[in-house]
Every structure is written in C-alpha cells, then in structure tokens.
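There are 6 protein chains.
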Amino acid sequence: MFFHIKELQYNAKPDRPDPVYAKKLQEVLGGQFGEISVMMQYLFQGWNCRGEQKYRDMLLDIGTEEMAHVEMLATMIAQLLDGAPANVQEEAAKDPVIHSVLGGMNPQHVIVSGLGVTPTDSVGYPWNSRYIIASGNMLADFRANLNAESQGRLQVVRLYESTTDKGVRDMLSFLIARDTMHQNQWMAAIEELEASQKPIVPSTFPQDLEKQEVSYSFMNFSQGEESRNGRWASGPSMDGQAQFEYIHEPKAMGQIPVLGQAPAYIHNSPI
Amino acid sequence: MFFHIKELQYNAKPDRPDPVYAKKLQEVLGGQFGEISVMMQYLFQGWNCRGEQKYRDMLLDIGTEEMAHVEMLATMIAQLLDGAPANVQEEAAKDPVIHSVLGGMNPQHVIVSGLGVTPTDSVGYPWNSRYIIASGNMLADFRANLNAESQGRLQVVRLYESTTDKGVRDMLSFLIARDTMHQNQWMAAIEELEASQKPIVPSTFPQDLEKQEVSYSFMNFSQGEESRNGRWASGPSMDGQAQFEYIHEPKAMGQIPVLGQAPAYIHNSPI
Amino acid sequence: MFFHIKELQYNAKPDRPDPVYAKKLQEVLGGQFGEISVMMQYLFQGWNCRGEQKYRDMLLDIGTEEMAHVEMLATMIAQLLDGAPANVQEEAAKDPVIHSVLGGMNPQHVIVSGLGVTPTDSVGYPWNSRYIIASGNMLADFRANLNAESQGRLQVVRLYESTTDKGVRDMLSFLIARDTMHQNQWMAAIEELEASQKPIVPSTFPQDLEKQEVSYSFMNFSQGEESRNGRWASGPSMDGQAQFEYIHEPKAMGQIPVLGQAPAYIHNSPI
Amino acid sequence: MFFHIKELQYNAKPDRPDPVYAKKLQEVLGGQFGEISVMMQYLFQGWNCRGEQKYRDMLLDIGTEEMAHVEMLATMIAQLLDGAPANVQEEAAKDPVIHSVLGGMNPQHVIVSGLGVTPTDSVGYPWNSRYIIASGNMLADFRANLNAESQGRLQVVRLYESTTDKGVRDMLSFLIARDTMHQNQWMAAIEELEASQKPIVPSTFPQDLEKQEVSYSFMNFSQGEESRNGRWASGPSMDGQAQFEYIHEPKAMGQIPVLGQAPAYIHNSPI
Amino acid sequence: MFFHIKELQYNAKPDRPDPVYAKKLQEVLGGQFGEISVMMQYLFQGWNCRGEQKYRDMLLDIGTEEMAHVEMLATMIAQLLDGAPANVQEEAAKDPVIHSVLGGMNPQHVIVSGLGVTPTDSVGYPWNSRYIIASGNMLADFRANLNAESQGRLQVVRLYESTTDKGVRDMLSFLIARDTMHQNQWMAAIEELEASQKPIVPSTFPQDLEKQEVSYSFMNFSQGEESRNGRWASGPSMDGQAQFEYIHEPKAMGQIPVLGQAPAYIHNSPI
Amino acid sequence: MFFHIKELQYNAKPDRPDPVYAKKLQEVLGGQFGEISVMMQYLFQGWNCRGEQKYRDMLLDIGTEEMAHVEMLATMIAQLLDGAPANVQEEAAKDPVIHSVLGGMNPQHVIVSGLGVTPTDSVGYPWNSRYIIASGNMLADFRANLNAESQGRLQVVRLYESTTDKGVRDMLSFLIARDTMHQNQWMAAIEELEASQKPIVPSTFPQDLEKQEVSYSFMNFSQGEESRNGRWASGPSMDGQAQFEYIHEPKAMGQIPVLGQAPAYIHNSPI
Ligand SMILES: [Ca+2]
Ligand SMILES: [Ca+2]
Ligand SMILES: [Ca+2]
Ligand SMILES: [Ca+2]
Ligand SMILES: [Ca+2]
Ligand SMILES: [Ca+2]
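Protein chains in written order, with my numbering: chain Z, 11 to 281; chain V, 11 to 281; chain H, 11 to 281; chain L, 11 to 281; chain E, 11 to 281; chain U, 11 to 281.
Next up, chain Z with everything else stripped away, as it sits in the complex (with noise of 0.2 Å):
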C-alpha cells in the first residue's frame, strides 16, 4: 500500500516556459527508458519476487522513489507548457519563430492535454508495458535495470546539453545523480548475485546439457577479422570455465531445409 505527500522529491521549477523542450523532455518521463518505465519495472520486480526479503525490499525501494522521479517530471513539463500558443493571430502566425513552435510542439499538448504532461515519449508515441521486464530471475533483470539506468542517465544528459534554462538543468542534475547511485547500486547487487551463484543466466541449467563445442567460441560472419582484437576473442572466458576460440570461417552445421507440403484443407499454392 502507497501514501502520498504533496512535496516533491526534489524542485521542479523552470525559469520560463519552452513548449518545444516540453515535447523532448517527455522522453525521460514516457519513453522507452523514462521514469515510468523503471517505476514499472521496479515495483513488478519486487512483487513478483521470491528470493530473499532484502531484495523485494529493495526493489519496492527504488519503484517507489521513481514514482516520485515521474511527478517531478510530470511536473516540470506542464509548467514549460505555460503560454503555448493554441490561439494564433495572424499577425503571429507571420512571425517564423513563433511559426516554428508551433510546428516544433507536440500538437498534443494543447488539443489532447491542455497544456498538461501526456504518458508519451518525445514523438508522441504511448508508454506500453512491453518496455519492462520482471523475469523472476533477478541475475537477469538487475542486468535490465542496470541497462535502463544506463540508457536513462545518457537520455538526460543529452536533454541537459539541450537546455540553457536553469530550472530545468537544476532539476536535471538531481535526476542525473540519482542515476548515478541507481547505476552504482545495480552493479553492487550485480556483483553479489554473481558471487553466490555463476554469471550464466540461468546458473541452475546443467551445461552438459548445452552444445558445449560452441560455448565459447566467437564466429566471424561479417567480412574482416578487427573483431579478433577483442577481449572476447581470447583468453579465459568470463565464466572461468574456458578460454575463448576465435572461428575464422564459421561452417554451417545443419541441413539445407525442405518442409513438406501442407493438407489440402490449408489451401496453399498447390504444387
């Protein structure tokens, strides 16, 4: 169960309204790696785990501070909304910089909205649940979490360098230190999980059971071999159990496939 308080978690206060940032910003609140995404991601993790009580903590945690990362956010775009030009002059409209706000502004954001954040990324596109994952694996997911970490502090360093406001990088530079810990504490959680069980995920399947002649060998299919000078061409695999083999020319292993023909009922070319 949640409760709310009405501050937020750190200031949300522009200097001056930008509808054409309003519309870029939204990317970091509705998109692919925005809040919500983690947010999601966070509080499914913790309710769907079974492992031990400090990492549902944990996970509950974190979910429930992106909440607040969300808020924030939600809050800083409907103030850059403030002043967006829904009712043009014609005089205005002869003016190309205001011209170019209109058309450089999600069109959304007056009609759908009214001058409100919308649950969108920075091409309008809608939030879907298919952005996140909460496998019951926690290996697996933390690796998730921290790629969304990573993804998530490179979009909003790129939306500061986008900005002269300084509210908005103000607000900004919390939301990067935050990242900055929650990068640190994936690869902390990361480090521990590898400790007590193998770095393979799933750890648990026999790998006698795998076709181990190509567990740790790199295939070269593309043209070249710069890809030989990699730390995953030779010496030890990160596992510990092998050493890397570099294949040059990779062979095919399988049979040239014939399916057979489909029943009549299927109705397909006949033959």
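Worth flagging that the hints you see were computed from the coordinates, not collected in a lab.
Watch out, some of these pointers could steer you wrong.
The list treats identical chains as one, so a pair stands whether inside a single copy or across any two.
To be verified - Using 27 Å as the maximum straight-line C-alpha spacing, the simulated DSS-like pairs for lysine-lysine come out as follows:
no.: 1; residue 1: Lys-64; residue 2: Lys-261
no.: 2; residue 1: Lys-208; residue 2: Lys-23
no.: 3; residue 1: Lys-221; residue 2: Lys-23
no.: 4; residue 1: Lys-261; residue 2: Lys-16
On a predicted model such as this, the values are computed, not experimentally measured, just so you know.
Based on these hints, arrange chains V, H, L, E and U with the ligands on the given structure of chain Z.
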C-alpha cells in the same frame, strides 16, 4: 551487403509435430527478447557505430549470426505445425485432447500463415522495434546486450524444460550454448570499456554538474529496512568515487507544486 | 447494410491550404476521441445490443451519422494539404516560414498518402480499436459515450481556437453543435437507465456479496485533507444507500505477501 | 513523493493455484479498464490539475489507492500461478485436463515472467497509455473516470462469477466495494461541477459560435423509428436550453466533394 | 453521408453456439486482412481520390459494401458466443471438454464484451490503421486491394474448412463469392490503369533518373541457382522495356562506411 | 545462414547533413512499406515456402538483398544526422532557421540514438511485424509483394523530389531502379502462377461451394452510377468464368438480427 547459404547453422528437426509447443516457441523468435530482437539490435548498433572498427565488426559478426538463429527457429516452428488440425471432423471434435490442441494452438498458424511461422511472440503479439536500442554509447548498449542474452537464455531454458522432443531439445541446446558465449562476450566487452572509461554511463559528463549530495545514497521508501543488508547500502561505491549511504527516512527537497491557470482559449475547467 | 450518398452532411471547404493545421486536425479524425472512435464504438455497441430495440436503433442511428463526420474531416484535411511543399527548391529552403511549414507538417501526408488524409492522430499514431468499448452493459457504455463526446467537443473547440480560417471554423461549428446534441443525448439515455435500474454498474450484482464496510468510504492516501471539502466526502451517497465517510488515516487490512519459491524447472533465482 | 508499506490494502490469498484463472484475472490488472489504467489516469489528472486544490488532493488520494489495488492483484496472480506445469512429462501430456490447462494458460506466465504477474491483459496484450486521459477539463475527465469505474466493476463482477475459489472471491468482493464507492465519488464530483458550470463540456465555449440549428436534433440515420421512443428524442434537452427534436429523414447540408489534382512531384495517379 | 437499413446483406445464422470458433472467426473481422481493413482502406482511398469520378464512386460503392460484411460477421460472432460458460461450477470444471472450451475461447468475450464481438483478430490483437493504405496513386492502391482480397478469401476458406456448422458455412460461402468478385474487380481496374499508363508505379517518374544498369537484373544473393529457372530471370521484362538478366555473383558497388565521431555534447562512446 | 561483407551494395554518401530530411527518409527504412518490411516479408515467405525450390531460392535471394538496402539507408541517415544541433546556444535559438530545424527533426535522433538511425518511420512510429504477410499461398503473397514494391517505389520517388542533395539522389536512383526490377519480378512470378493455376486465390477451393449468384456482380452502394463505366462492371470476368453484372440497387438478402438475452452471470443490461 549480405549473402545467404542454404544450410542452417545447426539442425532444426523435431521428432514430431506439436502445434501447441510451436505457439510457445514463437516467444524466443518474435518476443521481446527473441532472436529478431537481438538480430536487429546488433545490426543497428553496428550500423550506428562511430567508435573503433573492432566494435563495428564484432557487432555485425554477431548480428549476422542471429539471423541464422531466426532462420533455425522459423524452420523448426513450421515443422512443428505439420499436421495441425484445421479440418475438424465432428468425431474428432469430441476427443478432448484434440479439442484442447485446437484451443491451445495459435489460430493464426492456420488462418493467417498456413502452417508457417509468424513474426510474433507466444501470445501472437507482433514484434516491434521499440524492443531494441542502439544509443550510440557502446557501454550503455553492451549492457542492453548482456541483458538481452540473459533473458534470452533463461527463456530458452524454460522452453527446453517444457518439451521432451529430442530433436527440439537438440536445437535448443545449441541456442543455449551460443547464449553462454554471448553472455561471456558482452561481459568481456563491458570489462574492456569499463577499464578504458569510468563505469558510470555516460562517463563524459562532468560529475560536478550533478547534484552530488544524492549520488551515493540509498533511499528507504518502502517500510522496513531489509534493504540495508545489501552491498548497495554501505561500503565503497562501485565506481570507487564515494561510500554508499543508507537514508533511513528520505526527506522531500522540493516544492509543493501549484500550477497556474490555463489561458481561456484552452477551455480547461473554469475556476 | 449501408448506403452512401455523395453529398457531405455539412460543408467542408477551407478558405486556403494549411498543411500544419491539417496535421493537427487529424486528432479529431483518428485520435483516441476522434470520429473514427465514436463511429466504431456506437456501431459495435449497436451490433452487440441484447436490450430493447430502441437502444439498438438509436446506436445505429448515431454510429451511422459519425461515419459522415469522418467523411467531412477526411475531405477537409485533403483540401488543407493542397499545395503542401514536397518539392523544395534551394531558394525556398532558405525561407524560414517555408522551412517551418516543412518541419511542422506530418511528413507522411506527402510520402505516404500523397496529400491525402491518414487514419491517424495529430502525432501520426494510428487509430486502434483498444480506444473503444462495447461491454454489453448499456449504462456502462453510455457513460463511455458521454465521456467520448465530452472529450471530443473539448478537442474540437481547442482546434477552433487554433485557426482563423472561416471555412474551417464553419465546419467545426457544425461538429461542435452535434457534440452538444450528443452530450445531451447520452445524458438523457443515462437518466432513463438510472431510473429503471440502480445507478451503480452493474446493478444486478447482489450488494451483500461486496465488502460493504468500504463501499462508501473516501480514503485519504495523499497527505493533506483538502479532499474532505467535496461532495464525495460526506452526506448521502449518490446511490441513496448510505452516507459517505471520510477516512483520515486509512489502514492496511491485508497480509504482508511472501511468495513461495518457484519449482526448479522455472530457473528463477536460486535461493 | 510516495511511501510504501508492506501490508496489502486487503488480503490476496487464493485457496489454490489456478493458472487458467490467473490469465483471466490479468484483465483487471493490465487491461483497458484495469487497475493500472485508473492508477495512471488519476495520477496524471492530479499532476495536471490547474483547478481547486481539493480536486488535486482528491485525485492524488484515489490515484495512490489504485496503486494498492495493482499490488493486490499482482500478488494474487503470482500465487495463482504457483505450480503451473512447465515441465511436462510424457504421461501428464496425455491427461486431457492437464493438456487443456497447458493450452489455456498464458505461456508468457512460464516463459517470460517465471510464474509472476505480467503488465498485460487477459490476452497478453500490453498495457499502454492511450488507455487514459487527462484533458485539463475536470468535468470531461470525471466522466472518463465514472466510465472507467463502471467498466471496471462490471469486469470484476464477471470474474467473480467465473471462479468458486473463496479466497479469490473475498479479494474481489473488496475491489467491487471500492468500485461502488468510486462510482459514487465520481457521480458526486460530477454533480458538483455541473452545478457550478453548465453540463455541456466545455461550458466556456460561447454557444452562439456553434451551428445551433442542429444542437438539439436527433437524426434518424438507421431505417426504423424505434429510436423515437427515447428520452433523447423529445422533451426538454438535458442542459435546459432547448427541446429535443426528432429528424425523421435527415438531409445532407454539404457539397459533393471534388478534390483538385495533386502537383506533379507527388506522383499520384496521372489523369 | 450514409444510411443504414436493418436487414443484413446476407444471413448470419449459426446452427449452434461455438465460442472457440467465435474466437477464430474474429480474424476475418478485425485482423490484418479482415473486413474492417478493406472497409477502411476503400473508404479512405475514395475520400482521397483525386482521379476520375468513376474510381471515387467505385471505391465508395465497395467500401460501403464492406461495412455490411463487418456487420454480418459481428452478428454471427455474437450468436456463436451465446451460452459461453462464464459461470463455472465445480462439476463442470472437471469435464475436460468444458475445460478446453474455457481455455480455448477468448476470455475478453466474457470479461470485456459480455458475449459480444470485439474489434480484434483471432488472438485478441486490436485492429489498427497501419493495416491500410491510401497512397493517392490508384495503380499502387489497387494492387494493395487485390492483395487484401486474395489474403482475405484465403483466410475465409480456411475458416470454412475449420467448421461443420451449416449456418456458418452458408454465410462464409457468401463472403467467399464476394471475394471472388472483388479479386476480379481489382484485376479489371488494374488492367485498365496499366493500359492507360505504364505498369511500373509511379509511371510518371522519368526512367532516365533511375540507375538503369540495375533496373532489370535479378541478383542471386542466396547460394544455389534454382532461382534462375523463373520467368523473372530471363526473357523480356514485364514492362516491355528490356530483357531480364541473371546476376550469378552480385558485386558490391558502394563504399565501406566509416561514420564520423559524434560531437561531445551527444556523449556517445568516447574514443 | 548468412554472411556479411563490409561494402555497401551501392554508395550512400550525402553531400551535406540534413537532419530534417533524415527524419523523412526514415519512412522508407522503417515504415509500413519500408525496406525492413520487404526484407522480413521475403525472408519469412522463403522460410515458410512449401512449394518448388526455385520460389524458395528466389525469395531468399531478394530477402537477402533487401537487408543490404536497410544497411544503405541506415548508413545514409546516420550521416545526414552529423552536426544535428543538440547543444543550443542562446544565440542560435533566436535564428528562425535553426529553430525550425530543431522543431522539424525527430528528437529521438538526438536523445535516444545519439545521431544514429532508428528502426522507425518518418513520424517515429516503430516498425512492427503486422506490416508483413507470409500466408503459405504464393499467389496471394506475390500480390502482397507487388503492392509493397509499388508503394515503396512511390515513396522513394516522393523523397527524391523532396531533396536537391546529389548524393542522396544518387542513392535513391539506385533504390528506384531496384524497385523497377522488383515490380517486374513479381509481375513475372504472378503471371507464371496464374498460368499454372486459376487467378482467383485460393484456386483450390471448389467454386460450387461459394454463393455463385453474387460471384460476378458489382453492387452500387454509393449513390450515382459513375462506377458503371469501368471494366469491372460489364464484359467477361477476369477469371474467364462469367460476365460482370452491374446491380443498380442492391437488395439485402439477410435477416434483421435480434440477439438473445445474455445469461444473468454476464451482468449485461437488465431487461
Ligand atoms: Ca568480422
Ligand atoms: Ca525499505
Ligand atoms: Ca489527501
Ligand atoms: Ca432509426
Ligand atoms: Ca539463389
Ligand atoms: Ca455508386
């Protein structure tokens, strides 16, 4: 530019048709973490790569291999669908096992694809490109890739456990082994990049521009302090810059938001 | 079965082309609350109607009218696109107003539809049928309809405010008037149904099967008690069955969830 | 900002696992009118609220409660999945009831979420934010909310009828009761707003700008006049401004559209 | 503008309810190539038509007919759902056939639509407008239409083979016959247009602006030359402009791409 | 299995960056009829092919070529994005042309992909696999392919007209030429199949099972008889089986639908 050879990378020969299992197997072809996702993710990362050529080559190597995995699964699924019962006789319809096969398979495998594979997941949801990421930042993206291979191997293992067909299991044992390699590969590439830059993505953003007071604090937003017992709550941070701190009762640092009224031409609620 | 006549229900004649406005106007054609939504919603409710014939007839009357509205908007948008600049001369490209028109219009209006309307909203997102509902319960559905006409009229009014083109405004004044009628219509139909059954949907579920202790309690989950000052917080409930009650500090009534471990073949995190 | 406590708002304890029912129950979690929808709709309306603080507070109160409902359903579904048969033995596969369970459950509950809840509906379709609305006009939005609670309670009641599990029914009886309150609440809030402004949304648009000849006419576009027998076809209009009128044979008032030719560089059909 | 009459274009009377078949039949109502698709495609092509009036009239004729097909299927599906078992008794649940019906039907047919049709396909995926095209070029679009009628008739035939219900088959025999006509119709319209313009779309682009060296070459990118034995590999081209040529070993004609570094403010991978 | 070589199939070298054009060019990469669509459509048709090997080989030849087209476009778009202005200086922001570039480009090209291509169309909508078809019936599918190449060439031509960049036009002239070949190719393959089977898909369904009274009738459902003047309205049918007939006033042949009441446990509207 690409070339195709007719042989599969590895055998895809089921012992017998099983249309209900065909529906399930679609998950690792066309699902969120299926082979289409990794194929497209690696190719787009390769084509967008502005870094060292060894990374571009490596991404195109593995992206090209994933196409062969899509092909193997497609071939397997088409064969599992051989003999799917479209043409129901009155008699058969009374047999409860046939009845449940009819109910349990994906109806589009008959109606839409005529006993062929579809580019969808195990509930028939179409693959879409919001599943993938190519951000231009390789450390971020390699974490996405490690996650994809972790979720992917987990799903294939669960599918391995869900069948006793020896031919299917043989093919899956190959895919599982390749995912072992690919997890190893991304771990190796990540280690390399983390060594040459700092581990927090993006490493190029000056950390003094972030709100450093909160860069290393774990905040306890869910009642209960079980989360205090994790590596993320104390000790040196993973990036080596500071000590983790546990905030027992996190405080709001922001304003209570009060939005201004919208202009009359927006026709929001009158006040 | 349907018949079509060539005349539009009302005039759709813009004074002049305006491709940026054409993009915006798409919202009320193909958006969440556009004319395609109400057309499909009313037709599906009509076809599914298992109640009195007067409701079925009424739903098909209005669903059929909405098709005429789709047609008017489609015609208007195609005309607003006349003269959209696809063929950019070097010269023109330097004119900032032309530049912003090029940036502000929907590129698919040139590339995909060749100056024709598209079945999408103002950000180019395709119409989809999860926008609509036909539940089989008419009181529920008529509330959906009243909402659709309320959101729809609001959006059309905002679009009216966003142009000075007299021809466009003339057409919109017709659609606004019809939405006035349609809001009135659904209010009338709702009043009729609420009189013949109880106002809580579905009225047929025995109320003694619900947890009646919490059937009339407003729960204060967000800090601050401003919400106590509403009609919903005290006085008789709207269904006339009880008194509203304001719960200052709502208490949890449930367990702390602890999920069991998953079986080994699921390969969740080992414990 | 939010805080979480570990106890559920109400008990979520099924008597026994039932993976086929788990699939169905997803509808009211992640479907068009599920708990995620109302949670997100109320929170976004609250964050966008530019009206009186009592409305903002009320919206955040109820939005925060809905999060607890998401949590209860998530917990219930995870438990209903306990013991879902992933690991099919040859023997079991011949048992038609087990066979139909395998066919009837959502395969992603095994393959993707490892016996956990997914943020999807009962056919596995992901939740997306085009389900919700926060328009900035509270009367419009409260009608959306009344609709959502009506559809929601209807769906929960149908799910109550679809199980005999006492634990499940106990939890549903709580959700049904809360929906009774929430329908009452939105009716109360709507009554309040309709009293302080006119009932037609938006009430601020000058009615003399609409085409008033058609503002109160019911138009008979489907053969048969059964629709004449409704409250909407005669008598005073619901907004008290006029009398309803029944148009037996509605006439077209617009032009026959003839579109101009597209410019050559569009390459439409040559004429 | 449209009018509706109450009679269906053809009978839609099943012999008996069959909720599992109802789920399948949804494919040709709300699927990629279902009746909603052709209805919307023809209407939008008609409304966008800037060519001769006979084409516009013809498109609106057939678009209007397709609405009657949507109506017939909707009516049929609602009747097939009569008697769908929502209310499971403990007893019934043990009957494997009832069990498999429960597992095999679309749960939304009970929970969401209350035994009514839904605007979705056979896996419950909603119809969306990216299924259709109205490009402004009629030859292109009539090819889309011929494809839609070909896929559509194929799907209806497969559904005909999947039932023994005489009433259902009677209705499908009507739809199959209409698809026979519609395939004939689009072939006729295509022949007419190909005669009056060149067969390559768009016929108005000067062919000397294309890279004519590769305008008639079949390129063998998949190992094996079975493809040499087709009409497409030798002989005069279909447009009568040249001879087909078979390129045994196609060569790359382009550069090896090397992208420049991104500017610092993009924060891509440091080099 | 596939192999990749580093050279592009043809040059992709723009004269200069143009981020607004980059956004538009995405349409033919990731749109409904873009290169990803044809690549996936041909590969899936090839993998599903149960017909003669020459068709399978041909489909894999062309599917493999389309991957090279995806690669060329991806490379071109990344280069067009070089120098996209993310880092707005106060000064620059006042320049209306820069302003309109900022408004006219896809913000995700900066925020999400860091100046890289995205797998989306020109409005940022993600590619999804419901764009493609592989039905198992080759005549049906080759018609889909001819349509795809017709729409595709039309779109590329429109994009050719929308730029004056010589490098871009050079690459597009190659794609246009290949689409000329591919339209020719599918016409040739269709001619071959129509000769060996009947032209109505599927040719294997006994025509005496369809309702032959309506198999060759054009029905005039839209007022006005301009449609009588087409090849489709009189003369021999295209399949050579009958004469086209023009039905001036089509009559309904079906019942007036009256649905039965739903059972009580569905809780539809009470009657
Ligand atoms: Ca290589
Ligand atoms: Ca805690
Ligand atoms: Ca409160
Ligand atoms: Ca009527
Ligand atoms: Ca070949
Ligand atoms: Ca006509």
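Indices of hints not satisfied (ascending)
Number 2 only.
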